Amino acid sequence: DQQVKQNSPSLSVQEGRISILNCDYTNSMFDYFLWYKKYPAEGPTFLISISSIKDKNEDGRFTVFLNKSAKHLSLHIVPSQPGDSAVYFCAARGGGSQGNLIFGKGTKLSVKP
Amino acid sequence: NAGVTQTPKFQVLKTGQSMTLQCAQDMNHNSMYWYRQDPGMGLRLIYYSASEGTTDKGEVPNGYNVSRLNKREFSLRLESAAPSQTSVYFCASTHGPGTEAFFGQGTRLTVV
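Taken in sequence, the protein lines are chains A and B. The first sequence begins at 20 in the working numbering and counts up one residue at a time. The second sequence begins at 4 in the working numbering and counts up one residue at a time.
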C-alpha cells in the first residue's frame, strides 16, 4: 500500500509560469518531507525539505507547502525554467527508530520555452 | 568532491549469474542505502545500513544480500540474477536516518 502518492505522472508548463507538483501521504507519523529532482542518467539530488511543524519553506524559486490536516504537500516553482525539466520525487521520513525515507513514484515536469 | 560513487555504471547479466554492485561514500556518513528504480514505481528501498556493522531489510530485499564493509563502503550482491531484477540501482548515504540523502549516479542492470 503506497504511503506516499504522487498522482500526476507528468506535468507540462510554459516557461515563466508556475509549476505546482503535488504529493499526498497516508501516515500521520511522518515528521519530515523532502523533494528530490532527477535528471536522466543521474542520481536524484536534494531540492528542498520541510518539517511537519511548519507549513511553508522557501528557497529561491522553490517553495514547499505542507497541509497536515489534508496530509498533502506541494512544491511550487516560480518562475519555471526549461532547466527545471526533470522528474521530481516526493519523500517522507518514516516512523520508527530507523526513519527511512519513503518515496513517491515521481512526476515528470516538462517546461516548454 | 566525489560524494557517492557507484560501480559499475552499466552491466548486462545472464539469468543465474551473480554480481556485486559497489558503493563508496567519502562524506563520513553513518547510514547507507540501496534503492532500485523501475518505471512507474519510484524508488524502492532494498536494504539499508543505519551504521557500520548493521544491515536491515527494506521494502524489496528478496534476491539480494548486502555487506557494510566499513563506514565508507556498502555493497549489494545478486547471487542468482533474474530478469525481474532488471532495474536502475541507486546507492545513497545520509549522516543519520531520515536526513537528506545523497545519491550515486546509478547502475543500470539488465538481466537477460
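Hints should not be assumed to be uniformly reliable.
[Said to hold, decoys possible] Straight-line Cα separation of at most 27 Å, BS3-like style, residue types lysine-lysine; simulated pairs:
(1) Lys74(B) / Lys24(A)
(2) Lys131(A) / Lys56(A)
(3) Lys24(A) / Lys90(A)
(4) Lys75(A) / Lys24(A)
(5) Lys87(A) / Lys24(A)
(6) Lys75(A) / Lys17(B)
(7) Lys73(A) / Lys90(A)
(8) Lys127(A) / Lys12(B)
(9) Lys17(B) / Lys74(B)
(10) Lys17(B) / Lys56(A)
(11) Lys87(A) / Lys73(A)
(12) Lys74(B) / Lys12(B)
Hints are computed from structural coordinates only; laboratory data are not their basis. This structure is a prediction, so every number in the text was calculated from the model and none was measured.
Going through the hints against the structure:
Between Lys74(B) and Lys24(A) the alpha-carbon distance is near 33 Å, which puts this suggested pair outside the 27 Å criterion. Between Lys131(A) and Lys56(A) the CA atoms are separated by roughly 17 Å; this keeps the pair inside 27 Å, and the hint holds. Taking the CA atoms of Lys24(A) and Lys90(A), the gap is near 11 Å; set against the 27 Å cutoff, the hint holds. A C-alpha spacing of about 20 Å is found between Lys75(A) and Lys24(A), which places the hinted pair at or below 27 Å, so the restraint holds.
Straight-line distance between C-alpha atoms of Lys87(A) and Lys24(A) comes to about 15 Å, which keeps the hinted pair within the 27 Å bound. For the proposed pair Lys75(A) and Lys17(B), the alpha carbon gap of about 49 Å is over 27 Å, so the pair is violated. About 13 Å separates the Cα atoms of Lys73(A) and Lys90(A), which keeps this hinted pair within 27 Å; it holds. Pair hint Lys127(A) plus Lys12(B) holds up; C-alpha atoms about 23 Å apart against a cutoff of 27 Å.
Distance restraint check for Lys17(B) and Lys74(B): the Cα-Cα separation of roughly 32 Å exceeds the 27 Å cut-off, and the hinted pair is therefore not satisfied. In summary, the hint linking Lys17(B) to Lys56(A) is not supported, as the alpha carbons are separated by about 32 Å, beyond the 27 Å threshold. A hinted pair counts as satisfied when its Cα atoms are at most 27 Å apart, and Lys87(A) with Lys73(A) qualifies at roughly 9 Å. Of the pairs offered as hints, the one joining Lys74(B) and Lys12(B) holds, with about 22 Å between alpha carbons and a cut-off of 27 Å not exceeded.
When each numbered hint is compared with the structure, violations occur for hints 1, 6, 9, 10.
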